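K.L.:
With the hints as your guide, set chain B onto chain A.
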Amino acid sequence: MSKTMTIDPVTRIEGHLAIETHLEGDQVTAAKVAGRMYRGFELLLIGRHPVDAARITQRICGICHEVHGIAASIALEDLYGLKPSSNGLILRELILGLHLVTDHLFHFYQLTIPDYIDFTQLQRYRGQDDRVRKLDRLFRGSAGTFAGTKITDAPNDTALTVEMGLAYIEAIAVRKTAGSGLASLGGKVPFCHAILPGGLTTGITSDLLMNYANALDKTTDFVQRYYLPQTLALAGHFGQYFNMGQSHGNFYGNGAFTLLKEPLYTAGVMRAGGQREPAHFAGAEEVIDASFLDAAGKPDHEKAGAYSWVKAMLYDGAPMEVGPLARLAVNRNHDFMKMLKPFNQSAIRSSVMTRILARAYEAQALCRYLRELLPSYQLEQPTINALDMLAKPTGTGQGMSIAARGALNHQVTAQDGKVTGYRLQVPSAWNFGPTVKGQLGTVEEALIGTRVQAEPAKGASGSDSIEIGRIVRSFDPCLACAIH
Amino acid sequence: MLTRRKFLKKCRDISLLMCGSTLLTRSLAEGFMQLVKDPPPIAFIHAQNCMGCTTSMLYGNDYDFFDLLSHIGGLEVHPALSFSQGTTYIDNLKKIADQGNYLLVIEGSIPAKPREACYLGKDPLFNVLAGYAAKARMVISSGSCASHGGIPASGGNQTGALSVADYLKLQKVEVPQLLIPGCPAHPDHLMGSIAYIAATGKVPPLKKDSQLPAEYFNELLHNRCSRFQHFTQDMFVEDYAKDKDNCLLKKGCRGPITPSDCPVRRWNQRTSVCVESNTPCIGCMSPLWPFDSDLYLETSQVEDLPWSKMKEKVGNRR
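Quick mapping for you: the protein sequence lines, in order, are chains A and B.
Residue 1 is where the first sequence starts when you use my numbering, and the numbers rise one by one after that.
Residue 1001 is where the second sequence starts when you use my numbering, and the numbers rise one by one after that.
In case anyone wonders, no lab produced these hints; they're calculated from the structure.
Check the hints yourself; a few may be wrong.
What the hints assert, rightly or not - Simulated pairs of lysine to any residue, SDA-like, Cα-Cα distance not exceeding 20 Å:
| id | chain 1 | residue 1 | chain 2 | residue 2 |
| --- | --- | --- | --- | --- |
| 1 | A | Lys303 | A | Thr435 |
| 2 | A | Lys32 | B | Glu1298 |
| 3 | B | Lys1244 | A | Asp207 |
| 4 | B | Lys1242 | B | Lys1202 |
Unchecked claim - Under 8 Å between C-beta atoms, here's a sample of chain B residues computed to sit facing chain A:
| id | residue |
| --- | --- |
| 5 | Tyr1059 |
| 6 | Phe1066 |
| 7 | Val1077 |
| 8 | His1078 |
| 9 | Asn1092 |
| 10 | Ala1130 |
| 11 | Gly1131 |
| 12 | Ala1134 |
| 13 | Gly1160 |
| 14 | Cys1183 |
| 15 | Pro1184 |
| 16 | Ser1272 |
| 17 | Val1273 |
If you're wondering where the values come from, they're calculated on a predicted model, not measured in any experiment.
Just so you know, even glycine gets a beta-carbon here, dropped at the ideal spot from N, CA and C.
Same shape as in the complex, but just chain A (with noise of 0.2 Å):
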């Protein structure tokens, strides 16, 4: 028997999401994925000052806080001719560093977590730790979000329960600590200020090295005491999802934290068969066949043939995923592949739970990294080779660098000094774009064969299937970013 089934929205995301899906008996067989907010950034820059992008394209996304702003000025430093100081370069990757790491944190514990974990077995719990009961209270007080959704195959398991949920707190105060370190060098989070084209504005002093470096200590414990070792216990306990949500196979993925002398990723493709290559910009191509947007790229709601605001992306006529797991496999990284192994998993696959566990290796090697990179900070060095803002370039300018979700290019083109286009290429068109050429895109691949529980889960009014929301979130969707 054939039905539809539409999960809108999708909560638990950054955005505005509606994934639809035809089920033959209990199996997905077709899916479409529409992005369902615009905004416009690409247009809204025209006619403005260029360096105004760095400050309006941070706020394309709240979550993704610091990304943007950093892509900007890139690609603003590229258009004006302007090398940044070597101090500049340190602090960016320092900002940007711990925000992924907050950001895997989020993702994991307040957005994922809830579909994998009863936490109504915390009211089993009789031990003495009033953290507990406290967390309870919470969850009973506000019943309305955080109650309602029976999890049938969670882990039947009080202690675990009781540790994630433990955990889903403290995730919430370390982001606080971790972004006071982010205020300590960038102003203030979200959207970090100094960050600016040159550098940092920001007066740099030992003191305030030390704030961040205490924060990163905190972020790092963190990770290594809890976020590492529970995403390993959620893979042992759900091991069907290494076989889940499967893309094409295709990877992309840009390089970043290139300053210590190994750096972290290097700009790649990985093709489905296994075979790897460097990347090339010209690669990358923006197909809007079937999204709300006209040849000149106006919005067009009426537009025949569309069902989505996000542009399709394809990387040389083909789909690709971006993330974590993208940037791990182009690189071939054999510490995560180490990390696999015990889930009988020999090679780097796209599957929910290795998406999932790519992010918590990222922030564990971030931290290790980051905590390499403060020392070679110089105190008396300047933060910023300030711009010219009176200057009035022509030209174009290219800003490559990654987001918590994958690979983001920002392109700036002016005309006397005044913004004349803007191109954003962001992580989550590649993998949220919808169906082009004939080519499902990333995330509709990834539900295709996907079994889903026949009946609606206890307590949910609707016929909203848990398999695919884990499929979809273990991408970590971000939508604002996605369509701007």
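P.N.:
What follows is chain B alone, placed relative to chain A:
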């Protein structure tokens, strides 16, 4: 056990935390006593937003969103935190709205043309938001997009983006409103206001002729800036690389036209604030944000803030 004495002390602490004064102790105490019986349900709706305002609350300043919830509870709907999804989620939102008397917090602007530029479930948000707002005890616009239109309404305004107030006026919905502008909203500004409403059942005292909480927006940022002294002595930042302490007015600072207590309240566990990182206030809490004029040019070249007049105006303040 919580004794009466301890309880009143806790109320005083919260009053200090929220307002920097003990003035509210009594009304907070009465409010929290009511709350035990009657927590106000809170629902969040995301319009054309970026989720920066929610992220801001989650980072918090001294206290974060979960601290607030463990004190006042009642969060019934939040798109980024709710465990439910799809129709279950929408049904829950409808149920809370139908019960009435709830706090509706809106993040983001509302597109009027095309309405299809933002959905809530299967409906364009424009078509259904008025129904939810009409049933609310109060509508809080969190952030500059909801408060004033913000970035989506800037430039050519590609989607006919409206502020919540303009949208509700158009839809002829009359409901008490509170504006918490900011890009993003300051966590204290939003959560302090929610705590005040929850505790007293009243709207926080408002700035004259506005819907802004007076506590946070009565003064211009410039007047409370730690670099004000440099301003009065004509000491200005010329080169970001060399000057780290001077007034940022000549770098385009919008402090003199932006109502906010940012410089004294500070951000992220009171660690810092934009101006302290040696970068001008970009006026993200101003109704003019993100401005038609260039953000980083010397004020004399900025159309909406002539430098000569600015100096005169600010020099003669009070």
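K.L.:
Give a verdict on every hint.
P.N.:
Verification of the supplied hints:
1. Taking the CA atoms of lysine 303 of chain A and threonine 435 of chain A, the gap is about 15 Å. The hint holds against a cut of 20 Å.
2. Our distance criterion of 20 Å between C-alpha atoms is broken by lysine 32 of chain A and glutamate 1298 of chain B, whose separation comes to about 49 Å.
3. Restraint check: the Cα-Cα separation between lysine 1244 of chain B and aspartate 207 of chain A comes to about 15 Å, which is no more than 20 Å; the hinted pair holds.
4. Between lysine 1242 of chain B and lysine 1202 of chain B the CA atoms are separated by roughly 49 Å; this puts the pair beyond 20 Å, and the hint is violated.
5. A distance limit of 8 Å between C-beta atoms decides the matter here; for tyrosine 1059 of chain B the minimum to chain A is near 4 Å, and the interface restraint holds.
6. Residue-level restraint check for phenylalanine 1066 of chain B holds (minimum Cβ-Cβ distance to chain A is 5 Å; threshold 8 Å).
7. This hint holds: valine 1077 of chain B has a C-beta 6 Å from the nearest C-beta of chain A, less than the 8 Å allowed.
8. Hint on histidine 1078 of chain B holds. Least Cβ distance to chain A is approximately 5 Å, under the 8 Å limit.
9. Given hint, asparagine 1092 of chain B at the interface with chain A, holds; its Cβ is 6 Å from that chain's nearest Cβ, closer than 8 Å.
10. Annotation: alanine 1130 of chain B was flagged as interfacial toward chain A, and the flag is violated, the nearest CB pair being 18 Å apart, outside 8 Å.
11. For the restraint placing glycine 1131 of chain B at the interface with chain A, the shortest Cβ-Cβ distance is roughly 17 Å, beyond the 8 Å limit, so the hint is violated.
12. A hinted interface residue such as alanine 1134 of chain B counts as satisfied when its beta carbon comes closer than 8 Å to some beta carbon of chain A; here the least separation is about 20 Å, so the hint is violated.
13. Interface restraint check: glycine 1160 of chain B against chain A, minimum CB-CB distance 10 Å, threshold 8 Å, status violated.
14. Checking cysteine 1183 of chain B against chain A by beta carbon gives a least distance of about 6 Å; that is within 8 Å, so the hint holds.
15. Using the Cβ-Cβ criterion of 8 Å, the hint placing proline 1184 of chain B at the interface with chain A is satisfied: the shortest such distance is roughly 5 Å.
16. Given hint, serine 1272 of chain B at the interface with chain A, holds; its Cβ is 5 Å from that chain's nearest Cβ, closer than 8 Å.
17. The restraint placing valine 1273 of chain B at the interface with chain A holds, with a minimum CB-CB distance near 6 Å, inside the 8 Å limit.
In summary, the structure is inconsistent with hints 2, 4, 10, 11, 12 and 13 from the numbered list given earlier, while agreeing with the others.
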